[in-house]
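Colleague: Just so you know, the sequences run in chain order A and B.
Its first residue numbered 36, the first sequence is counted upward by one per residue in the working numbering.
Its first residue numbered 36, the second sequence is counted upward by one per residue in the working numbering.
What the hints contain is simulated information worked out from the structure, not anything from laboratory work.
Treat each hint with caution, since some may be false.
As the list makes no split between identical chains, a pair holds if one copy fits it or if it spans any two.
[To be verified] Straight-line Cα separation of at most 25 Å, SDA-like style, residue types lysine to any residue; simulated pairs: (1) LYS82 - PHE247; (2) LYS114 - TRP78; (3) LYS119 - GLU213; (4) LYS164 - ASP60; (5) LYS246 - ILE126; (6) LYS114 - LEU251; (7) LYS163 - GLY59; (8) LYS249 - GLY136; (9) LYS286 - ARG275; (10) LYS104 - LEU251; (11) LYS188 - LEU112; (12) LYS238 - GLN83; (13) LYS104 - ASN295; (14) LYS164 - MET61; (15) LYS299 - GLY174; (16) LYS216 - LYS250; (17) LYS238 - SER200; (18) LYS114 - GLN83; (19) LYS114 - LEU190; (20) LYS172 - ASN209; (21) LYS249 - TYR135; (22) LYS114 - GLY259.
Protein chains: 2
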Amino acid sequence: MDKEQSIISNFKHNLNGDDGAIIGDMVYSKDMFVEDIHFKSHWLSPKQIGKKAMIVNLSDAIAMNATPKYALLGLGLPKNLSNKYIKELSIGLKECAARYGTQIIGGDTILSNKLIISLTIISYLNSKKPLIRNGAKIGDIVCYTGVLGGSIKGLRTLLNGGKISSNSRFVTPNLRQEFIKQSAKWIRSGMDISDGLASDLPKITQNRAVKFNKKLSKFEFISGEEYEMLIVVPPKNIKRVLNQAKKCRVKLNLLGKIINERAKFHGKFTHF
Amino acid sequence: MDKEQSIISNFKHNLNGDDGAIIGDMVYSKDMFVEDIHFKSHWLSPKQIGKKAMIVNLSDAIAMNATPKYALLGLGLPKNLSNKYIKELSIGLKECAARYGTQIIGGDTILSNKLIISLTIISYLNSKKPLIRNGAKIGDIVCYTGVLGGSIKGLRTLLNGGKISSNSRFVTPNLRQEFIKQSAKWIRSGMDISDGLASDLPKITQNRAVKFNKKLSKFEFISGEEYEMLIVVPPKNIKRVLNQAKKCRVKLNLLGKIINERAKFHGKFTHF
């Protein structure tokens, strides 16, 4: 058990959802986005930092089939940041929140060594049943949205001192709000891809193997912070879900079928 | 306008309460408690750090006449912390939450240079009207609970390299949950004393002067992080409020009467 797992087990609680805690028809999610942990300050403009901090938080709610409504913002700000920088950061946060129908309603600000953006998102479930990670059955089809690999490519370019465009998935992930909202009733289970498929796939298949339809590149397999949706669909619903994806203009990839074997993939990377 | 004010004004929103944001009958409050900003790690045991981080967050809710029910916990943990230290920290957080009827229902953990405890408290208002800072009228009586000065004395001892007992107000503030709940209907406005009376008094009197009943020491006047309640009571209700304080075994100090003059006290310290 690693340190994070050990801490989480200290706070285990039955109201814990996967990425958010559920109380009544509301979902509460909370993530910190921190300089030198999630990004280097020279990689992104303050507006991009604000935008990405907000988007990765909204993703938790949207992945559970909830509509984010309110955000509480905790900011840890280094002394040397200019008012202009802070203003740009706040514009990034607010514009991104507004794009997803969310309002920033409060929070607090402190001085800190590193830039810290700590967000709590308050969301309403779109249906009585949230979309969760558990539930996959043998024979179900595993799918993911969009195109994977862009985030790690952007990250590697940055790590090598290069520059990336603001369209890079590392800067601007795509959330699939409408598609999830419309198709959740046909989906067995789901989550967003934040740690990379190699790490997130065993979570959604509950450590069962997948007979792949599709050969993935190493980049597609290990790229984290994609925030595309990884979903499991009963075979009888797959046509409806594909249709809905088309309506929402979301590319839906049929990755494979869950089989009655233990997964061979695990950890952050695997050979296949 | 200082930096914090400038940031807050970037996010000004009508759902903002004083220390918490109000949505329907719920209050959401969020505060960060950070090593080297709010405490030095050698000042407090990990259990005391957890306890104080929780108590200062619960105070925001209780001061608005709300009952805290759930907490979301964001932890930023330095690499070198032992599992034992983290375990003790989590016991402090959980025990303090439980004492006030609150459950930790989720959150996230990251690596960071300094210990960061970022809490979001979800509370239910005890009555339709929250207790807020605004509303004081000329002739109203300003009161505060308990004994002030202990927090700054503890802080100074620590800053001078001394040790303080776990009963020190700096380590263990006292929250006045029951008293506020029972007497809120007779109280005009209220807040907790977090920045010190010299700084918080003008907020509650809306920059009006107070004709003091009582001479305060410098320590009583400037001590922050007390988390005692500062309340404003219409004269016709003062007996009821005093009785309720007695029932709840809370010392209630009548500080003075609000008069039709501008306050002379302001900032973090004043002479009088």
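Colleague: For each hint given before, does the structure comply? Return the numbers of the non-compliant ones in rising order.
Modeller: 1, 3, 5, 6, 8, 10, 11, 12, 13, 16, 17, 20, 21
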